[in-house]
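Going down the list, the sequences are from chains A and B.
Mapping to my numbering: the first sequence position 89 is 89, numbers consecutive.
Mapping to my numbering: the second sequence position 118 is 118, numbers consecutive.
Just to be clear, a hint being listed does not mean it is correct.
Okay, derived cross-link-like pairs now, DSSO-like style, lysine-lysine, Cα gap no bigger than 27 angstroms in a straight line [stated by the list, open to error]:
hint : chain 1 : residue 1 : chain 2 : residue 2
1    : B       : Lys9      : A       : Lys129
2    : B       : Lys80     : A       : Lys9
3    : B       : Lys80     : A       : Lys405
4    : B       : Lys80     : A       : Lys4
5    : B       : Lys80     : A       : Lys411
6    : B       : Lys31     : B       : Lys285
7    : B       : Lys9      : A       : Lys9
8    : A       : Lys166    : A       : Lys59
9    : A       : Lys80     : B       : Lys256
10   : B       : Lys166    : A       : Lys80
11   : A       : Lys256    : B       : Lys405
12   : A       : Lys9      : B       : Lys129
13   : A       : Lys430    : B       : Lys166
14   : B       : Lys80     : A       : Lys256
15   : A       : Lys80     : B       : Lys405
16   : B       : Lys430    : A       : Lys166
17   : A       : Lys9      : B       : Lys4
18   : B       : Lys4      : A       : Lys80
19   : B       : Lys4      : A       : Lys129
20   : B       : Lys325    : B       : Lys29
21   : B       : Lys31     : A       : Lys4
22   : B       : Lys31     : A       : Lys256
23   : A       : Lys9      : B       : Lys256
In case anyone wonders, no lab produced these hints; they're calculated from the structure.
There are 2 protein chains.
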Amino acid sequence: MSDKTIPYKIYLEENEMPRQWYNVRADMKNKPAPLLHPKTHQPMKAEELEAVFCKELVKQELDDTTAYIDIPEEIRNFYKMYRPSPLVRAYCLEERLQTPAKIYYKFEGNNTSGSHKLNSAIAQAYYAKQQGLKGVTTETGAGQWGTALSMACSYFGLDCNVYMVKVSYEQKPFRREVMRTYGASVTPSPSETTEVGKRILEAHPGTSGSLGCAISEAVEAATAKEGYRYVLGSVLTQVLLHQSIIGLETKTALDKYGITPDIIIGCAGGGSNLGGLISPFMGEKLRGEKDYHFIAVEPASCPSLTRGRYAYDFCDTGMVCPLAKMYTLGSGFIPSANHAGGLRYHGMSSVLSQLYDDGLMEARSVVQTEVFEAAEQFARVEGILPAPESSHAIRVAIDEAMKCKETGEEKTIVFGLTGTGYFDMMAYEKFHNGEMADYVPTDEDLKQGFDGLPQIG
Amino acid sequence: MSDKTIPYKIYLEENEMPRQWYNVRADMKNKPAPLLHPKTHQPMKAEELEAVFCKELVKQELDDTTAYIDIPEEIRNFYKMYRPSPLVRAYCLEERLQTPAKIYYKFEGNNTSGSHKLNSAIAQAYYAKQQGLKGVTTETGAGQWGTALSMACSYFGLDCNVYMVKVSYEQKPFRREVMRTYGASVTPSPSETTEVGKRILEAHPGTSGSLGCAISEAVEAATAKEGYRYVLGSVLTQVLLHQSIIGLETKTALDKYGITPDIIIGCAGGGSNLGGLISPFMGEKLRGEKDYHFIAVEPASCPSLTRGRYAYDFCDTGMVCPLAKMYTLGSGFIPSANHAGGLRYHGMSSVLSQLYDDGLMEARSVVQTEVFEAAEQFARVEGILPAPESSHAIRVAIDEAMKCKETGEEKTIVFGLTGTGYFDMMAYEKFHNGEMADYVPTDEDLKQGFDGLPQIG
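Pulled out of the complex, with its shape left as it was, chain A reads as follows (with noise of 0.2 angstroms):
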C-alpha cells in the first residue's frame, strides 16, 4: 500500500524532546471558566486552593497566559526514562483494513505503569518534593494512575497514600501489588482512616466504594497530616499542561518528516490524554495557523461531551473539591459497569469543554462492544494489546480509515493509544466469552443527573 518511507516507529532524539510544557489556554480567545468555591460559589483564591494542592501547581492550575512553561531538568531526565514515546506507523493496520488512509499512533504504554498517567504524576511529585512536603494522597480506580503516582513518588523518595476503591482494590489485586512494589500505601476505599470514610461505612456497610468516595477520603487524608498534599490525574487544567508533552512529541515528530495530520483523535474521560495530544496542534488552529479535525471519543455509557450540560459542577461525588465548568453528566450520575474505568467521569475538563463549546472539535460516542472489535483488530496485526480506554480512539480512527477507503481520500490520522491492557485481561475474557453487553443511558437515567446540578450565579 506504502513505500515505507516513513520508518515503523518514530522516535525523537533525547535532544529534540520538549524542554517546555504548552499551555494551550494562552491561545484561547474565550478562558475556561475558573474554579468556584463550593460553598461560596466565589473564584477559588491561590491560597485556598494551596491547602489542598501543592503550591507550584496550584500557580500553574491558574495560570491562563504563559503559553510555554519549562519543564524543570529532574522532571525531564525522569521523562527519559520512558520517553521520547513512538509514533507508530500503522503499517500493518493499513494494510489490513485496504484503506489509503495513512494512521499514526502515538504510544504511551511503554512504561510499567502502562499509560500516560505517568507524565503528570512525575510533575506532581516533584513539585510536592521541591515543597519540602512529606507525601502526597490520591484515589485511584482502575489502577493506572495509582500505580504511575507510585513509580513518581518512589523515584522522589516520597511517602504516597493511594485510596482505591474497594471493589478495583479486592479484583484488581495485581495492581494493587504493582504499587506496592513502588512502595506505596494503598487502602482500600471506603476505609476506617478517614472520617469521611467511617461515616460512609456506617451508612453503607459492605459498600464497595466508589471514586468519588476515595477522592473525599484521599483529600482528607491530605488536609489532615502535616507535610501532605492532594494529587489528581485527570481533569484539572495543570495536568492537561504536564500531558502536554505527548502532543509536542507528536508534532515535532510529525513535522521531522513533513507530515500534516488531518485528522486527530483521542479517547476522553476527564480529558487529561486528549488535551495533551491536541494542544499544540490546537493551538496552531486557535492562532488560525492550520486547520485540523479533533475527535473526542467516549462511551456511549457515560457521554459528558456528547449528551451532557454545560455547567457548573462538582469534581466530586463528596461535593468537597472546587466546582468547575465543564460538559457534565451531573457528579451524582452514576456510569454503568462499562469495561473502560478510566473513561467513567461525569465531567470533562474544563478546557476541553470551552473548546468544545466554541465548535473547535468533535465528540463522539461508542459502545463497548464496538470498542472491544477494534481492539482485537488492532491487537492482531499491530501486536499491541491495547487498553479499553485507548481502544475508543482505535475504534474511530479505524471508522474514518474505511470511509477514506470509500471516498479514496488519503487523509491523515493521528490517534492516541494511551496505554496497554495487561490489566484488563477479565473485560477481554467477557469479550470473548460473549458476555459483553453494551448499557446506553436513557434521558430518564440523565435526568437524574442533572437534577443535581448545583443552582450557580
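Given chain A, work out where chain B should sit, using these hints.
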C-alpha cells in the same frame, strides 16, 4: 556520578538493524554435540526432524558452519513493529548504588508478549507459513512463549494450538486471554485431545500437569494432524540463532558510542535469551579478537549449569523428543515451585553447555528472595517492573556493581532484561507479604534426576 553524554536509552535507527542473524556455532572449535534419535541413539537426520519441525528450521538447527544467515524481509518488517529494543543506561540505578560501574541493560519487554520470545516466534511462524502449513502446535508453562507464538501466528494467519500446563491455565487466566485475543486455541494439559494426554489423565486423574506432559501433547498433536508442525521457544539451536538479534543490536548500539563491556550477564533457563545476547560477543572471544566475562545466572532451585552433569539427556519428560548433550539435572528432575517459571527447565542449550564446558563463561545460581529484592530495588529507580526470570540477571548485575564500589573499578556491565513482570504480580505479592521461601535441592534430590539419565554409547 556521570556526565550523561550517553543517552538514557540508545535506540538504533531502522536502517541500523541487523539484516542477518549470527550463528555462533560457526566460530566454535568444539561444536555442540549432535542431537540423537531417542530410540536408536544415532544422530538425527534432517528427514527425521522434518516430521516434527519445519523444513527450513531443521536446516538452521543442523547448520553449524554458516556464520551469518539472512533474516527474511517479512521477519525484518515484523521486527520493526517492536524493535530495535532500547539499550538503556541505568543511570538511576548507578546513582542509587553509588557505584563507579557503568550499567546497561538491553530491554526486551516492550511488546505485548512481554519478553524476548517474540524474536524467535515470528521466525518460526514465518517458516511454517512459507512451507504452506496450516498451523503449529506448542506448549507453554508460564505463558510467555505461548503469547509470543500466538502473536506471530496471528500476524501470518496461521492456526496456533497451545497446550498450557493446567495449573498455569487455571492460575494465569490473563495470559490465557492474551493468547485468545490473538486467536490461539489454548488447551489445558493434560487433555483428552491427545492419546498421551488421555493416558496421563487415566493414570493420574486430577493432575495439574507439567511442562513435560504438555510438550508430549503438542508434539503428538503436530504429527497427528495434516499440515501442522511443532515449534519450541528455547533450548534449540535455531532459537539461539533467532535470538542473536538481541546481541547484534546490543553490539551495534555499544559500538556506536565506543563502549566496550567488561561483563555481560543473562538469566539462563533453556538458554534462549543468554545465548542470543552473548552470541556476537562470544564470537569475538572465540576468534581471539576481544575478551569478555560472561555470567549465566540460574535459580538455585534449578541449577543445571552450576550443579548439573554434562551428558546426553531427553529434552522432554515424555522422552519423545531427540536427545541433546547438555548440562542437565535429568529429565526426571522436578524443580520446586520457583516463581521464575521460565527458568524451571532441567537442561540447557547444547551450544551454551559446550561453551560453558570449554570454560568460556561463568555460571552462578541465586535464591529467589534475593532475586525479588533486586527486582524491587531495580523497579523503584529504573521504573520498569521486571519479570522474575530477568531479575536473576539484575541480581548479579547489582552484585557486580557493588564489587566495583568496593574496588573502585569503573567496569562496564551489560545485562539482558528479558521481560516485564505484569503477569507475575502473585509472586510479587508473596514477596511483599514475606511468604516467599527459598529452595535449594540437596545432593540427594539431584541424585534422583541423575539416576534417570539415559546411558549413551
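Outcome of the hint check:
Between Lys9/B and Lys129/A the CA atoms are separated by roughly 26 angstroms; this keeps the pair inside 27 angstroms, and the hint holds. Straight-line distance between C-alpha atoms of Lys80/B and Lys9/A comes to about 7 angstroms, which keeps the hinted pair within the 27 angstroms bound. For the proposed pair Lys80/B and Lys405/A, the alpha carbon gap of about 25 angstroms is at most 27 angstroms, so the pair holds. With a C-alpha separation of about 11 angstroms, the suggested pair Lys80/B and Lys4/A falls inside the 27 angstroms cut-off, and the hint holds.
With a CA separation close to 23 angstroms, the supplied pair Lys80/B and Lys411/A stays within the 27 angstroms bound. Proximity of Lys31/B to Lys285/B is assessed by CA-CA distance (about 15 angstroms); at most 27 angstroms being required, the pair is judged to hold. Distance check on the hinted pair: Lys9/B and Lys9/A sit about 15 angstroms apart at the alpha-carbon level, within 27 angstroms; holds. Of the supplied pair hints, the one linking Lys166/A and Lys59/A is violated, its CA atoms being roughly 33 angstroms apart against a limit of 27 angstroms.
Restraint check: the Cα-Cα separation between Lys80/A and Lys256/B comes to about 19 angstroms, which is no more than 27 angstroms; the hinted pair holds. For the proposed pair Lys166/B and Lys80/A, the alpha carbon gap of about 41 angstroms is over 27 angstroms, so the pair is violated. Our distance criterion of 27 angstroms between C-alpha atoms is broken by Lys256/A and Lys405/B, whose separation comes to about 43 angstroms. Annotation: proposed proximity of Lys9/A to Lys129/B holds, straight-line Cα distance about 26 angstroms (limit 27 angstroms).
Between Lys430/A and Lys166/B the CA atoms are separated by roughly 21 angstroms; this keeps the pair inside 27 angstroms, and the hint holds. Straight-line distance between C-alpha atoms of Lys80/B and Lys256/A comes to about 19 angstroms, which keeps the hinted pair within the 27 angstroms bound. This hinted pair checks out: Lys80/A and Lys405/B have alpha carbons roughly 25 angstroms apart, not beyond 27 angstroms. In summary, the hint linking Lys430/B to Lys166/A is supported, as the alpha carbons are separated by about 21 angstroms, within the 27 angstroms threshold.
Straight-line distance between C-alpha atoms of Lys9/A and Lys4/B comes to about 25 angstroms, which keeps the hinted pair within the 27 angstroms bound. Restraint check for Lys4/B and Lys80/A: the C-alpha separation of about 11 angstroms stays at or below 27 angstroms, so the hint holds. Under the criterion of a C-alpha separation no larger than 27 angstroms, the hint pairing Lys4/B with Lys129/A is consistent with the structure, at around 23 angstroms. For the given pair, Lys325/B sits about 16 angstroms from Lys29/B by alpha-carbon distance, which is consistent with the 27 angstroms threshold.
Restraint check for Lys31/B and Lys4/A: the C-alpha separation of about 41 angstroms exceeds 27 angstroms, so the hint is violated. Of the pairs offered as hints, the one joining Lys31/B and Lys256/A is violated, with about 49 angstroms between alpha carbons and a cut-off of 27 angstroms exceeded. Between the alpha carbons of Lys9/A and Lys256/B the distance comes to roughly 20 angstroms, so the proposed pair stays at or under 27 angstroms and holds.
Going through the hint list in order, the structure does not satisfy hints 8, 10, 11, 21 and 22.
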